[in-house]
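**Student:** As a plain string of letters, each chain reads:
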Amino acid sequence: GNSVTQMEGPVTLSEEAFLTINCTYTATGYPSLFWYVQYPGEGLQLLLKATKADDKGSNKGFEATYRKETTSFHLEKGSVQVSDSAVYFCALSDPGGYQKVTFGTGTKLQVIP
Amino acid sequence: NAGVTQTPKFRILKIGQSMTLQCTQDMNHNYMYWYRQDPGMGLKLIYYSVGAGITDKGEVPNGYNVSRSTTEDFPLRLELAAPSQTSVYFCASTNLTPLTDTQYFGPGTRLTVL
Numbered sequence: 001g002n003s004v005t006q007m008e009g010p011v012t013l014s015e016e017a018f019l020t021i022n023c024t025y026t027a028t029g030y031p032s033l034f035w036y037v038q039y040p041g042e043g044l045q046l047l048l049k050a051t052k053a054d055d056k057g058s059n060k061g062f063e064a065t066y067r068k069e070t071t072s073f074h075l076e077k078g079s080v081q082v083s084d085s086a087v088y089f090c091a092l093s094d095p096g097g098y099q100k101v102t103f104g105t106g107t108k109l110q111v112i113p
Numbered sequence: 001n002a003g004v005t006q007t008p009k010f011r012i013l014k015i016g017q018s019m020t021l022q023c024t025q026d027m028n029h030n031y032m033y034w035y036r037q038d039p040g041m042g043l044k045l046i047y048y049s050v051g052a053g054i055t056d057k058g059e060v061p062n063g064y065n066v067s068r069s070t071t072e073d074f075p076l077r078l079e080l081a082a083p084s085q086t087s088v089y090f091c092a093s094t095n096l097t098p099l100t101d102t103q104y105f106g107p108g109t110r111l112t113v114l
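Chains as they are written, first to last, in our numbering: chain A, 1 to 113; chain B, 1 to 114.
These aren't lab readings, by the way, just hints derived from the structure by calculation. Beta carbons are placed, not taken as given, at the ideal position from N, Cα and C, and that holds for glycine. Hints are supplied without guarantee of correctness; some may be wrong.
Straight-line C-alpha distance at most 20 Å; calculated DMTMM-like pairs for lysine to aspartate or glutamate [as the list claims (entries may be wrong)]:
id	chain 1	residue 1	chain 2	residue 2
1	B	LYS57	A	ASP94
2	A	LYS100	B	GLU79
3	A	LYS108	A	ASP54
4	B	LYS44	A	ASP94
5	A	LYS52	B	ASP101
So these bits of chain B aren't anywhere near chain A, every CB distance computed over 12 Å [said to hold, decoys possible]:
id	residue
6	ILE12
7	LEU45
8	GLY53
9	LEU96
10	GLN103
11	LEU114
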């Protein structure tokens, strides 16, 4: 079946540091890949997505590139802010239909001033 | 445009009690989902629906039931609450098109079973 593996947290960074959160996946076919963010006390919201190989998703300074050869979708940001503190989930959608999404376990990011 | 709304936000149940978690979306989405999120874990799919009158089991359906009588509403029913059902429950919806396969999530219901 489909699976998503992302690096365990928590990740603690100083403000303006470079962020990488690793994500690899296993899937049959050609899934779409997502990063969702969950701020404290809130539901998940889409951060960025990529629907085919070599696509780069980007939003709010975050980027991730769909790498089919390494089955990866690592999240990066050049300079994090305190407001980026949240839990980040990597996910893939089932290419077989019904938009079933498989989530990773989430990586908590804490940015300190 | 309210998006996906869930009620209640918090609830404490005693073992054996029952309750219904409400979920409503106003985006005319065909697909709706119920997830649970346990501490330190990712989201696990409980049930999903591809349209009014059509539901199917997800990864962890035991102890839950759903119905979908309208496009807008997708309630989740717990019949005999157990401590293992202590979790945060999220409802989500999406419209199946090639360009808009984003899931939209509600704010969640935090349930404690004692």
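**Student:** Of the numbered hints stated previously, which ones are contradicted by the structure, given in increasing order?
**Tutor:** 2, 3, 7, 9, 10
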